[in-house]
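A.B. asks: These protein sequence lines map, in sequence, to chains Z and E.
Residue numbers for the first sequence follow my numbering, so the first one is 1 and each next one is one higher.
Residue numbers for the second sequence follow my numbering, so the first one is 1 and each next one is one higher.
Please keep in mind that the hints were generated in silico from the structure rather than gathered at the bench.
A portion of the hints provided could be inaccurate.
As the list claims (entries may be wrong) - Computed cross-link-like contacts, DSBU-like style, restricted to lysine-lysine with a CA-CA straight-line distance of at most 35 Å:
hint, chain 1, residue 1, chain 2, residue 2
1, Z, K136, E, K57
2, Z, K189, Z, K9
3, Z, K80, E, K257
4, Z, K56, E, K257
Fair warning: this is a prediction, and the values are worked out from it, not measured in the lab.
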Amino acid sequence: MSAVVLDVKGLSVAFGGVQAVDGLTFQVREGEVLSVIGPNGAGKTSAFNCITGFYKPQSGQVAFKGDDITGGRPANIAAKGIARTFQNLRLFGELTVLDNVRAGTHVRLRQNAFDAILRTPRYRRSEQLATDESNKWLDFVGIKSDRTAQVRNLPYGEQRRVEIARALAREPQMLLLDEPAAGLNHNEKEELLALLRRISELGIAVVLIEHDMGLVMEVSDRIVVLSYGKEIADGTPAEIRANPSDWVTQFMEGLPDGPVHFHYPAVPLAGDLLEASLEPGDA
Amino acid sequence: MSDQTPKEPGVTGTDAPEESSAFVRAVEERGAANVGLAGAGLTPTSRSKGHQTAASKALASPWFALAVAVVALALPYINSQAYTLRIATDALIFIMLAVGLNIVVGYCGLLDLGYAAFFAIGAYTAGFLATAKGMPMWATIPFVILAAVAGGIIIGGPTLRLRSDYLAIVTLGFGEIIRITANNLDVTGGPNGLFGIPDFGEFGLRADVAIYWTTAVVVILAVIASSRLGRGRLGRAWRFVREDEDAAEAMGIHTYKVKLAAYITGAIFGGLAGVLFAVHQTAISPPSFNFLWSALILMAVVLGGMGSTPGVVVGALVISLLPELLRGAENWRYFIFGVLLIIVMIFRPQGIWPYTPTEQAVKKSLFGRFKGGGSGNTAGTTTEEVAR
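One chain only, chain Z, in its complex shape (with noise of 0.2 Å):
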């Protein structure tokens, strides 16, 4: 068994009076795929905001190749080598397809503003290096759209995956993608597919939060389970499969068909499911 990049233990974090997430315990190791799903407001997305220091936990130990980043500043957390993708694309819509990705290369580059002032040999060799390496993962996710337009003005698959490239350009021991398939279609959802397993195959850690369950049981190696902040299940796709928890088999046999309701067994009428879908706590 490879060595373990994250190491979650007891991470627990509470907005008011809501846990959103409580004792989380999970491991990922080298180059694995490991998703993470759960119903809307499970915690995922809190969870993921916990490691990489969006949010400060309550309590619980986060450590990155046995290094304690738990509460660190995200920069920093981001130096160490962990990167993520916004669940919502957070691209710097202004700026260039290329300029985005060079983001992920500002903790590589070695030149200080007196180099950019002179232009010294340094600042050229620095930049010509943040454009090669833009330009590589954006090859490498398969941008083919013009890449010194303004990275708003490309179509919306096209701009998930240059966040994805502009992550992987920090060059990351583990990747950290919230729903990377939100919005995407059929064909986008294939390349996604393709592109997860390449990424996968460079040893990069991939931790996903995916509600596409058909993408989840192809891509990942383990799945963790969330319900309510708390773990439910943790196991390989075949695990999970033949084991589920409620809501998983409700969401494997809900969707795409229609509405899927995790809580309520049953909800025969349209008044009813309407109501529902708006006080989620009031069966």
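Dock chain E against chain Z, hints included.
C.D. replies: Here is chain E on its own, set in the frame of chain Z:
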């Protein structure tokens, strides 16, 4: 009630509604993206490179910038009247202030309403050291830089940890504090200010010509420096922070340090502009650094085009020269000035010469050489367009 589904609060927010089907979700998300795309072509700030006219290419070329610099340096040969040189020197100093504020507001997106404070710090530090301590003017420059950096850290250090508009309010207060302090201290000459401030030397020229040339050289260097700073690693980081602080942080960019760097750099530009101002005026007093200055400098940045160096230079020229050109209108001139500014902002909200985030192949640039290594398409680039 106990099994209330916990909502994930904060950063990401808009999860698709829980109960919607995958199809509805997909339609919503794709729909929004498509609407954004369809609308993108209509917004005034998006210009495709295909539409670049020969004129706009010529304007964006570094040769045009060089020509402007040559004209600026040759002005005393073209027209050496005392009045011309005086307003030209004022305009140059104003350009320096505007490109300095552009680093803070335009590149990094930090709204600074008290920029005149750094202008005052520079002017008073140089004025005090030159008059009271008898230092030659050039020797005061390191002290001015130190004072500006210290001012930047004192005001930026605590406030840049905050997001949004708190910074604007605090900087507004800071600008006033500096002015009122100058008004009440003895070393700054109180309400009378400092006078008899020497110049850098006359180099055997007429005094105002010498001052003009010194100012022109410093300002040209400052404009080049600010433009180049906007394009390197730090300049990119400033733009990343402006566009999305969280995403920048997730890329390993220490956003607080980056913002502080922008603030301090802006402070240094402001401080050095203050030295030029003190030399040019030979006397400085607190009313020279009131809020109107901060507002006018910000106006120049917004009018010209935030984040665009040539735009900001044009904006500064308009703001500083237009009242002079309108002198014939006598009492009406500030009214007309205001109306013209409003008209420009209505018809060109993005500024006179807005920032265009285009990239230029290295082979087209004056410096460097294309070395390849990228992919086969147009992306083999290194420096972005010179005029931004």
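A.B. asks: Each hint needs a verdict: does it hold in this structure or not?
C.D. replies: Verification of the supplied hints:
{"no.": "1", "hint": "Z:K136 to E:K57", "in the structure": "29 Å, holds"}
{"no.": "2", "hint": "Z:K189 to Z:K9", "in the structure": "32 Å, holds"}
{"no.": "3", "hint": "Z:K80 to E:K257", "in the structure": "18 Å, holds"}
{"no.": "4", "hint": "Z:K56 to E:K257", "in the structure": "20 Å, holds"}
When each numbered hint is compared with the structure, no violation occurs for any of them.
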